[in-house]
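Peer 1: Each chain, letter by letter, is given below.
Protein chains: 2
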Amino acid sequence: PETLVQDIMTTDVVAMRVDDDQEDVARQMTKYDFLAIPVVDEVNRMLGIITYDDVMDVLQQEATEDLARMGASEPLGQRYFNVSILNLIRSRVVWLFLLAVAATLTVNVLSYYEEVLEQVVSLSLFIPLLIGVGGNAGAQSATTIVRAMATEEVCPRDILRVLFREVRVGILLGSALAFVGFLFVWLFFGLDMGMIVSTSLIAICTLASLVGSLMPIIAEHFGVDPAVISAPFVTTIVDATGLIVYFIIARAIFGI
Amino acid sequence: PETLVQDIMTTDVVAMRVDDDQEDVARQMTKYDFLAIPVVDEVNRMLGIITYDDVMDVLQQEATEDLARMGASEPLGQRYFNVSILNLIRSRVVWLFLLAVAATLTVNVLSYYEEVLEQVVSLSLFIPLLIGVGGNAGAQSATTIVRAMATEEVCPRDILRVLFREVRVGILLGSALAFVGFLFVWLFFGLDMGMIVSTSLIAICTLASLVGSLMPIIAEHFGVDPAVISAPFVTTIVDATGLIVYFIIARAIFGI
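In order, the protein sequences belong to chains A and B.
Our numbering numbers the first residue of the first sequence as 1 and each following residue consecutively.
Our numbering numbers the first residue of the second sequence as 1 and each following residue consecutively.
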């Protein structure tokens, strides 16, 4: 009974600053398994505490926001059936428009190569397949890196290490697809198309891994939520650049 | 001191069954703000407890898994830099191949309409734009519904309510895009192409919202993780069906 508080207290305290992000609090609490964490101001005056139940809510909310942004919509902020049709549209329309405007780039690229398309109409048959594969490979890299940054496994200064890893993954995935793709396309569309499609698959998968891992890191560096550089956004960029690669390869192989 | 445990205990206990999913535990704990929850077997014998710190780890882990699957890769299960290049490839190659095989559907669709493409080469200019918009609209619906099911705001028996909402959203988003798209395409590519592209935008956005919201609900109904019916998977289906819609509209308007 005569023991004072100062005799039993811990003096090496982990505290959060009042202006920290709620995600940082969640990370600290998860790391140290705290029940509660004190919140202090810039001169270490205690302003309040955050408890484990608040943190569980924050973790849920942050996951919901990241998922929404990865799918190119704004988080709804309330239960699905409580959101009006108008607000559902609001959460999606801006990104859908921005991505559609960005996608007009693909119209420009194809217009530029329209003469090549006129000469070899069968080139157009593989456009959705190639940009689809590129989009998927880009989305795979992007989601991996976005999540790795959210859990602080990767930070912007790791950029070169990440790019080196992802580019190797892209080359190898592209080569595997190219091998199977070459046999299939050669069989049904001839040797020239087989070579064009398989070379394009390698180039586009490499490009997609590069763009997909680079964009979230750049976003984080500039203080933008990396999840906003969502899979669809990466896809749109890979679509346009992938088409250019495809036509460059096609012109080289057909000699036109 | 003479008070027995039975006098102070709570008898109305929320407990988890030993064979419950870890996601259910996380949901119960988040809902009731418990510090710990007992785990019992089928005859209510206590086997252990789960504490709040385990739940915080589960919440993080489940969010990581859902995000990975939405991006068409398997969860890594460990820190990014600890995963070898070979295992990164393993986490992606199966989905990338499956999606590429599914995407060969688009090659079939375009082959079927190759004669139309030969007659009107400029139809191919809008293929990436249209399937891009369809993919984005589908991903928006899919991510919204996947998350709403993960947080138990939506369950499979809500299917008709969800579809009715999402289809209205799709029609309205498609109409907004069609209005802007019509002016742009009319100006640069003529009235016929303007009508074809804008009508297709409405049809494809509606179709995408339908597929994007339907697929996760069907997956949940059959006990498959809805996140696996990922945005890229929805995209691939919307790509192929969207192209069919586009060519049906084009043939009707050009009368070929």
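One or more hints might be untrue.
[As the list claims (entries may be wrong)] Short derived list, chain A residues pointing at chain B, Cβ under 7 Å:
no.	residue
1	G77
2	R79
3	V94
4	L98
5	L99
6	N136
7	R147
8	V154
9	V167
10	R168
11	L172
Since the hints were made in silico from the structure, they are not lab data.
A quick note: this is a predicted structure, and the numbers were derived from the prediction, not measured.
Glycine is no exception: its CB is placed at the ideal position from the N, C-alpha and C atoms.
Peer 1: Could you run down the list of hints and mark each one as holding or not?
Peer 2: We went through each hint and held it up to the structure:
Residue-level restraint check for G77 of chain A is violated (minimum Cβ-Cβ distance to chain B is 12 Å; threshold 7 Å). Because the closest C-beta pair between R79 of chain A and chain B is about 5 Å apart, less than 7 Å, the hint holds. Because the closest C-beta pair between V94 of chain A and chain B is about 11 Å apart, greater than 7 Å, the hint is violated. Using the Cβ-Cβ criterion of 7 Å, the hint placing L98 of chain A at the interface with chain B is not satisfied: the shortest such distance is roughly 10 Å.
Interface hint status for L99 of chain A: upheld, as the beta-carbon distance to the closest one in chain B is roughly 5 Å, under 7 Å. Hint status for N136 of chain A: holds, given a least beta-carbon distance of 5 Å to chain B, under 7 Å. Using the Cβ-Cβ criterion of 7 Å, the hint placing R147 of chain A at the interface with chain B is satisfied: the shortest such distance is roughly 5 Å. Look at V154 of chain A: its Cβ gets to within about 5 Å of chain B, closer than 7 Å, so that hint holds up.
Taken as an interface hint, V167 of chain A does not check out: its beta carbon lies about 10 Å from the nearest beta carbon of chain B, beyond 7 Å. Proximity of R168 of chain A to chain B holds as hinted, the smallest CB-CB distance being about 6 Å (cut-off 7 Å). Checking L172 of chain A against chain B by beta carbon gives a least distance of about 6 Å; that is within 7 Å, so the hint holds.
In terms of the numbered hints stated before, the structure departs from hints 1, 3, 4 and 9, listed from lowest to highest.
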